[in-house]
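2 protein chains.
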Amino acid sequence: MDDRIHEHAETLVDWSGRIESGDDVVLSVDEGAHDLAVAVAEVLGERGANLLSVYRSDEIQRAYLRAHDDDFDADPEFERALYANADSVLLLGGTRNTAGRGDVPDDRQQAFARAREDIREARLATDWVSTLHPTRALAQQAGMAFEAYRDFVYDATLRDWESLAAEMDRLKTILDSGTEVHIDAPGTDLTLSIEGRTAVNSAASVAYDSHNLPSGEVFTAPADAEGEVTFDVPMTVRGKTLRDVHLVFEDGEVVDYSATAGEETLAALLDTDDGARRLGELGVGMNRGIDRYTDNILFDEKMAETFHLALGRAYDACLPADEAGNDSAIHVDLIADTSEDATLSVDGEVIQRNGVFRWEDEF
Amino acid sequence: MDDRIHEHAETLVDWSGRIESGDDVVLSVDEGAHDLAVAVAEVLGERGANLLSVYRSDEIQRAYLRAHDDDFDADPEFERALYANADSVLLLGGTRNTAGRGDVPDDRQQAFARAREDIREARLATDWVSTLHPTRALAQQAGMAFEAYRDFVYDATLRDWESLAAEMDRLKTILDSGTEVHIDAPGTDLTLSIEGRTAVNSAASVAYDSHNLPSGEVFTAPADAEGEVTFDVPMTVRGKTLRDVHLVFEDGEVVDYSATAGEETLAALLDTDDGARRLGELGVGMNRGIDRYTDNILFDEKMAETFHLALGRAYDACLPADEAGNDSAIHVDLIADTSEDATLSVDGEVIQRNGVFRWEDEF
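Taken in order, these protein sequences are the chains called A and B.
This note's numbering applies: residue 1 is where the first sequence begins, and numbers increase by one.
This note's numbering applies: residue 1001 is where the second sequence begins, and numbers increase by one.
Incorrect hints may appear among the rest.
[Stated by the list, open to error] Selected chain B positions facing chain A (Cβ under 7 Å, derived; list incomplete): (1) G1045; (2) A1074; (3) E1077.
Source of the hints: derived by calculation from the structure; they are not laboratory data.
For every residue, glycine included, the Cβ atom is placed at its ideal position computed from N, Cα and C.
Sequences and hints are given; from them, build the entire structure.
Right, dumping it as structure tokens:
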């Protein structure tokens, strides 16, 4: 077995999951994630944790959902009880076919998800972590050879997380005390109000309220937005590619938009509800192991030398205790490159120039 | 997908499991049983049952157990709650390597099983059914080509169970009202007392208290045994092959024994405890789809034209309510061919001659 699989497993269990002896751990294994599951099981055994493996198969799910009608039982107790009594859930992504559930009707999938809201809540109440084992299907989606994709995934995942967490804390401190972010780049001249908002240091560990491995971003929830922004990193949303999305904000709301691809999808997203026309997140990617777009949001939004904005719902962790924030039904991330001709400033002071932070280059 | 996989799934869900709309079903999927799991999921969706898939991987289990020490938490609640709240558990066997856990120390496996007695009880309290999806590893163990082994498995599994259940009921009726069984065959001259005992019609359905698919045997618990018996079908016990086991009984107890292979293993089995020298089961194989030995007890003991005796523990279902029966720690089945020069009689009347029942040939 590739040594990196074992290192991935140790990072997941120890750094991300903070799993200890006696913890009850659900291991959710995608069809193509078997090898990582074996390595994780070994580490869980060493730590003295308790293990139950759930098989998260797209093909099983597809067959079940297509055969079922739209009337699902609400939160079957056997599954709710499993998660309600678990300490941790480790989700090992690794599909063998990213289109594997493509012929399940959307409304069927939505009915199924709605019927299982309590199960989802019980799962999210654990110390859950989602990670990804490289498969040929994911390499194909990224447009990469399998060997090259594996190198990419491990470069992104096997970081010195402690040192990255310390670096990200610098940006969090600046954002927490700041009142206004300004981003200047080709096609972008945007001012965001962040007064009273709290940034999250997303360091790929439940100890940081961060549930993705890899992670590597600092994000907050803008209160207001003024100006224009261009997203030059493509993004797949609802199966459609969005390219060169351009948004114009007035008083926090999108008043004009365009895209060179996927403009109809963009229009439909903006029409979802009131919150869909307002921002829910500003995130700054800081994972230098991620140096290219792979059409997978788990990686793309953490790419170094990018920032992203999400239309829609804000995370509670970023908001003052007495504020509801954007509660849209959508949360769609859009990503922009900042490696050239770009600055990100807080309260008039340049924090990042052309992808390089102040503390890296002492400007 | 082979149509037989779909038929297998329907037989498992409908005939064996009697699963209905709203049932909470745990699907336990071996590494090599994926295709059967997909077919079962489709049938469960059609029936409107609720589904959670557990991944029963030998490789995950091996890695976990080897890394763990011998000190396991007793009955972790998350897993106990899953089974305690389930209506049915469908166990889809289908290993990719029958030696996959061979290097896990026996005492470690035993400590793990002992710590999980309540979980096991919760699982056995459901309408559980164990079945088998043909894999290359199982074909290899049977000494058969894969295609031939698949045909064998489906011949054994896709029976007219309703009609076999009716036939087996004839034998059950005879055994229930009988007091003494006599078996006469080359190397066998054995008398078994069965007075007051109740036979089980093991018709591969929870409706018959039968939890294996395939099944196809009628079994009871002898109260006493006198005479000698030779088992000419080989049997793998604790990794060792037993051949031509010969036992001599006096007052229900083994007083002499021999074997042409595995005699030491046999001796160790007999020395386990007092019950290990006494019988717990007489079974008569009646599945005519099973026409050869494949070194898998799920099939071998149901083979038509054979009977088997088990040293050790008796099933409660066969015993009078006020009787404890054989409670040995072991239950080891040994099988004999009755297709030639053999009779099985109840109270002096021949019920089966050379593998053919009275009602088949009107003797």
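A quick look at each hint next to the structure:
{"no.": "1", "hint": "G1045", "result": "3 Å, holds"}
{"no.": "2", "hint": "A1074", "result": "10 Å, violated"}
{"no.": "3", "hint": "E1077", "result": "5 Å, holds"}
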